[in-house]
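Heads up: the protein sequence lines correspond to chains A and B, in order.
Heads up, the first sequence is in my numbering, so the first residue is 649 and it goes up one at a time.
Heads up, the second sequence is in my numbering, so the first residue is 465 and it goes up one at a time.
There's no promise every hint is true.
[Stated by the list, open to error] Listed below are the simulated DSSO-like cross-link pairs for lysine-lysine, each with C-alpha atoms no more than 27 angstroms apart in a straight line:
1. A:Lys1018 / B:Lys622
2. A:Lys1004 / B:Lys514
3. A:Lys894 / A:Lys945
[As the list claims (entries may be wrong)] Stretch by stretch, here's where chain B covers chain A in the computed footprint (C-beta under 8 angstroms, at least three residues):
4. 681–693
5. 1008–1016
[As the list claims (entries may be wrong)] Label-pair distances were calculated between CB atoms; the ranges are:
6. A:Gly867 / B:Met465: 56 to 64 angstroms
7. B:Thr624 / A:Gly696: 25 to 33 angstroms
8. B:Asn549 / A:Arg963: 51 to 59 angstroms
9. A:Asn1006 / B:Glu522: 25 to 33 angstroms
10. B:Asn549 / A:Asn1006: 12 to 20 angstroms
11. A:Glu1013 / B:Ala610: 32 to 40 angstroms
12. A:Ala718 / B:Thr624: 40 to 48 angstroms
13. B:Asp608 / A:Asp909: 42 to 50 angstroms
14. A:Glu736 / B:Gly587: 52 to 60 angstroms
Calculated from the structure, these hints are not laboratory results.
Note that the structure is a prediction, hence the values are computed from the model and not measured.
Here a beta-carbon is modelled for each residue, glycine too, at the ideal position from N, C-alpha and C.
Residue strings, one per chain:
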Amino acid sequence: MGKTVLMQGNEACVEGALAAGMRLYAGYPITPSTEIAEFSAVRLPQVGGKFIQMEDEIASIACAIGGSVAGVKSMTATSGPGFSLKQENLGYACLAEIPLVVVDVQRAGPSTGLPTSPSQGDIMMARWGTHGDHPVIAIAPSSVSEAYNLAIRCFNLAEKYRTPVLFMMDEIIGHLREGIEIPDHVEVIDRPTVDYPDAKRMPYQIKEGQLVPKMAAFGEGQRYNITGLIHDESGFPTNSTEEAEKLVTRLMHKISDNYDDIVQVDQVNMEDAEVAIVCYGGTMRAAITAMEKARAKGIKCGIFRPITIWPFPERELLAASEKLKKVVVAEHNYGQIVLEVERIIKNNCKLGFVGKVNGTVITPEEILAKVEED
Amino acid sequence: MAKMELRLAGSGGQGVILATVILAEAAVIAGKQTAQSQSYGPEARGGSCKAEVIISDEAIGFTKVQHPTFLMALTQKALETYCHNLPEECIVLIDDTLTAPEELKGHNVIKLPILSTAAEKVGKAFTANIVAVGAINGLLHLVDHADLEKAVMLHIPKGTEALNLAALQAGIAMEGDVKKPAKAAKKAKV
C-alpha cells in the first residue's frame, strides 16, 4: 500500500476520480462542494485534463455529458440547489446512456437553505429527481478513504453500465479531514468502445453477451445521432411502441439484473445483533460510536449501512430484519430512506427513526436513545 | 495516548481552521488517527469560526468533538460562546488579552500572549495561528516538535518558512512561561 496522507473528503473525491481516469471536470462552484472544483482546477492540467467553470449548473452537466460523448471520463459536482438544476440533463444522460459521475455534497435545504450545514435531504431526489422511469446508481461515502475509493467505483460503474452515477456525499464527509492510505494500484474499468469506426454499425445495437451498446467517441469516424427522445438501435427517434418498451425495459434491467455487482452494503456486528442502526454517508460516524456505547451497555447492536443507496440493498435488509427485534434509521433529513426501510422490513421488526433538519449533526447519544427505547 | 479532543475558536481569518489542519497533519505524520472538521458561517472574514481536531491511537467513530480535552479561544466572543459545559479536565488556553468568565473558575485556564507574540515578537500578526500551534503542542505534547514542524512546512506559502518557523518556536517556548504545565498535560490524559 501507498503512504498515508491527510486529506479532505472533497479532495479525496477528486483524487479518486483522477485515479479512475477523469480528464474533464465541468462545474459551477457551490458550498460545500467547492473544494472539488478547486482541486480539479489545480490537478487536471497536471495530468493533461481540462477544467472548465461553466456559467451555471445546467451548463456544467451538459458540458460533462459532451465531454463523455467525446470519449473523456467526465465529472461535475454540486450541492442541493445545483443538483435540482441538473435533473433534466441527468435524465438525458440516463436515456442516451452517457457514462458520467455527478457529485452532490449535500447541504441543508430546501432551496438555498443552510449553505455550510450538513444534510442528507437529496437522497430521494437522487432516485426520483429526473422525470420518467429511469435507472439510477447512487453511492454514499462514510469516510475520507471511501470518498477516494468509491469515487473510483462511481466511474467504473458509470463506464461499465453506460449510465450516470450519483456520488451522494454530505458536508460531514466532504469537509472532514482524515489520514488516508492511497493505494499503489486501483482497478479501472473503461467503457466498451468500438474496435474501429464502422459507418454501417448501429450505435445502440447490442450483440449477444454485451451488457450495453459499445460506444464510439464523437469525432472518431462514425457519425451517429444522440437524442433524449425514445430511439431505436440507429440512435434516431422513434414513436414505435415496441421500441419504447424495449428501450426503457432494457435500461431498467441493465441495472436491476446486475444487483449483485452494483449493490454494496457494510454490515457491522450484525451476526448477533438484535437492534440494527440503518444509516449511510456521514451519519455512519455517529452510528459507530452509538453502537459501541450500546454494546458497552450490553445491547446487541449492529449497523446496516448501504454503501450503494440506489439500488437499495433490499435483499440484505429483508434477510437481516427477519432476525432483528428493531431497526433504527438515522439520517439527516425529515425521513426519506426510512420510508424505503419501512417498505422492505414490513412487520418483521420494530422501526425507530432519528432525523435532523436544523443544520447540526446527529449525535451518538441521539441514536443511542432510540436504540435503547422500548 | 488517550483520545484528545481539541476545539479551537476565533474570528474568521485568524487561521484557526489551518491551525487544526496542521495539528491533524502532524498527527498523520506521527502515525496517529485523526479527524479534523470545522464550522463557520457564510462570511470569509470576521464571522465566528470553530475548528476541531481529534487525535487518537485508535480508529475514530464520531468525528465531532463532544467532550473537549482542550479549548483555545482567541477572541472574547469565541471564549464566551464555547466556555459552557466543559468537562472538568478540559484545559482552556486563551489569549492574555481576554478575560476568563466566572464559569471557568474551576478550570485550568492558561493565559498566553499569543496575539502579541505574533504581532510584536515574530513581527506579523497573521502568524498567530502558528504561534498557537506551537503553544498547544508545548502544553499537550501531542506529537514530537519535529513532526509538527514538518506539518507546518506543508501548509504555508513558499517563502514564509523562516517566519513561520520563528512563530512556531515562539509558541513552543511558551511552555516555559506556564505554571505547572506538566500537571496540566497529565491531567488532560486522565
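A quick look at each hint next to the structure:
1. A:Lys1018 / B:Lys622: violated, 51 angstroms
2. A:Lys1004 / B:Lys514: holds, 21 angstroms
3. A:Lys894 / A:Lys945: violated, 55 angstroms
4. 681–693: violated (count 0)
5. 1008–1016: It holds: at least three residues are needed, and the region 1008–1016 of chain A offers 3 whose Cβ sits within less than 8 angstroms of chain B.
6. A:Gly867 / B:Met465: 56 to 64 angstroms: Since the Cβ atoms of Gly867 (chain A) and Met465 (chain B) sit about 57 angstroms apart, the hinted range of 56 to 64 angstroms holds.
7. B:Thr624 / A:Gly696: 25 to 33 angstroms: holds, 31 angstroms
8. B:Asn549 / A:Arg963: 51 to 59 angstroms: violated, 45 angstroms
9. A:Asn1006 / B:Glu522: 25 to 33 angstroms: holds, 30 angstroms
10. B:Asn549 / A:Asn1006: 12 to 20 angstroms: holds, 19 angstroms
11. A:Glu1013 / B:Ala610: 32 to 40 angstroms: holds, 39 angstroms
12. A:Ala718 / B:Thr624: 40 to 48 angstroms: The hint (40 to 48 angstroms, Cβ to Cβ) holds, given that Ala718 (chain A) and Thr624 (chain B) are roughly 42 angstroms apart.
13. B:Asp608 / A:Asp909: 42 to 50 angstroms: The hint (42 to 50 angstroms, Cβ to Cβ) holds, given that Asp608 (chain B) and Asp909 (chain A) are roughly 47 angstroms apart.
14. A:Glu736 / B:Gly587: 52 to 60 angstroms: Given about 56 angstroms between the Cβ atoms, the range holds.
Hint check: violations occur at hints 1, 3, 4 and 8; the rest are consistent with the structure.
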